Amino acid sequence: MSEPLTALAPAEMTEVGTEQRLHPLTLLLNLSRQLPQALIALIALRLSGPEELRAWVIVIAFVAIVAMFGTGVWKWWRFSYRLDAEELRIASGILNRNVRSIPYERIQDVNLERGPLARMLGMARVRLETGSSGSGDEGVLDSVDLAEAERLRDVIRLRKAVQAGTVSSSTEDASDAYTTETTPIFTMDTRRVLTAGVFNFSLVFFAIVGALINNLDFLLPGDIWSPRRLLDMLGLDELFEALDLAARVFSVFAALFALVVIGLVGGIIRTVLREYGFRLDRTETGFRRRRGLVTLTDVVMPLHRIQAAVIATGPVRRRLGWFGLKVQSLASDSDQESDHSIAPLAHSDEVRAILGETGIRWDTDYQAMRSVDPAMWWVPLVFALPVPIIGIGVSAALANGWLVLLYALLVLVPIISWLHWRAHRYALEGHQLYVRDGCWAQRLTLLPLRRVQSVDIRQSVVSRFIGLADISIGVAGRSSPVTVHAIPLDDAIALRTRLLRTI
Amino acid sequence: MSSSSAQILGQPDLPSSMLDTGLHPIEPAYRHVIRIMTAMTLVPMLIGASVLEFVLMDNIGAPQGLVLAPALALGAFIFVFLPHRKWRRWGYNGADEQLRVARGWLVRTDTIVPFKRIQHIDVAQGPVERMFGLASLTVHTAGTHNSIVTLPGLTRNDAEAMRDAMRLHIRREAE
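Those protein sequence lines, which keep their order, are chains A and B. Our numbering puts the first sequence at residues 1 to 503. Our numbering puts the second sequence at residues 504 to 678.
Simulated from the structure, these hints should not be mistaken for lab results. Since the model is a prediction, treat every value here as computed from it, not as a measurement. Beta carbons: idealized from backbone N, C-alpha and C, even for Gly. You may find that some hints are simply not true.
To be verified - Beyond 10 Å from chain A on every Cβ pair, some chain B residues (computed): (1) Pro528; (2) Glu530; (3) Arg534; (4) Ala576; (5) Pro617; (6) Gln628; (7) Met634; (8) Ala645; (9) Val652; (10) Thr653.
Unchecked claim - List time: in silico SDA-like cross-link candidates among lysine to any residue, alpha-carbon distance up to 20 Å: (11) B/Lys589 to B/Asp523; (12) B/Lys619 to A/Ile392; (13) B/Lys619 to A/Arg305.
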């Protein structure tokens, strides 16, 4: 611990303590990120700004770009990092200088991210996860060239191991772990990725179009979305008037069909962009996942940080034997995801093989698990249903008799509620708690008992009256607790005792 | 200190199907803390009610006490009876190397945090708590849900003794 330098290879020893800047091409990358926004602002200014300013737009644009580039260069010049013996130091800031030191032993993951332009230029963004509850921006080196990124990762990993005392002198083994290619434990070929896309039905396209319209609406006439005007514009007005009822119904179905097709295509595109070339390797300490079509990501997950596993499937996927596997780890994957997907679409034997590496078992199925009290589905209905029943009745009486038809929709509520109750099951087997929930998006949570942080038993006024309780288990790195709903109080207390026995 | 902390942490819990068994009550003085804290929130509510009362009396000629009477009744219930009821629901037990905290008047929650899972411990004392010589004990776990469990209404000595007893367990775990 006091002399970690001795454990380093001579080549790396000479580099300890030298200040290094990011790669100069970073400037180009940053500019490519800022320019589009600046251009949109300029176009807006050109089209809708004050009259006397419009002539100056070119000059303003030039000055703005020079200023952006200038501050970019200045920032780059003032940003440096240094690999010290015990910590990584990052100095940054133009006016407010900030020197951050991150001890190697606090660094949990070293992740590499490569966008399309960065890949063309051979660059990578290095993100250090320290496991603090902040935004995940504790240490970002944006960007260095790929060789430097891989060297950084090796050095950080090696020094971390030295600090922890797990590696004494055998430097080669540790630093080679990333560079030597092992056989992956799970991969997805293009066909598998496409299949996964089919199950990822997504209407995200509409969200994108909506966002674009919101941002660019100054270019469009105000009432473009009114159906009357659309029909006018397309010259369909008379045609629509002439259609009979059957044709109108048909056109509604055609529109629904188009929606489904768009959703399928959207899901496939999104999935391919994210999961293309999916590859999961077993490294010395954990998993390493690489994926992405345009933006490549390279994420390392140490096994000892994995808290729980979630097997996700759906009614169709389960019949076809497909499952998705995620693990919940202390470090967050990226800004969008709270857990690491380590197998987006896999057969059960593949899932078991991957789980085998983590020491988490999947030894139970739906039939072997215990169901919870039926009160889970009917009690909320007793309190929730009277409101819409009375509401629909009153509005039908006052406004329009046809509103009575809405009662047909209400029938769905108990059905969905009942399906959720049927899907909710739990089991305590070996040293693991299994909790299953969701009828459409089915999730089976596998929680090793040694990862239990705290246990809650909760009773509302109603559940106290009928002698039931909910039990919630706090797990690190998971935003919501693992919860078993509506079990008899005695069972809850017994379950709590068993959950806490091994700690 | 070891004997006093063992006494504070209580006897091992007997197996039982009742949620309330094996719990120590918190200090009765905590009722006054609840009362004073709720009184502070009641005052703005009563002011608002009297303003509404005068507005209604002036504008639509509402009878006197239409708003104020129910508000006063509710306030009296909250001020006189609620503190005792809330206080009665609090309970704790520190036996078996785990901290058990029960709380909640309408929705009852009973939380157990094993000492080994505690990351750090706070003993805090607000101005009102200080008036009655009370303190609250807060334990933090690594979990995202339930990462903060607070036990109010302990005497300062008890809170500090519990903290020291837990800290011994944390240190033993770390070694």
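Which numbered hints fail: 5, 8, 9, 12
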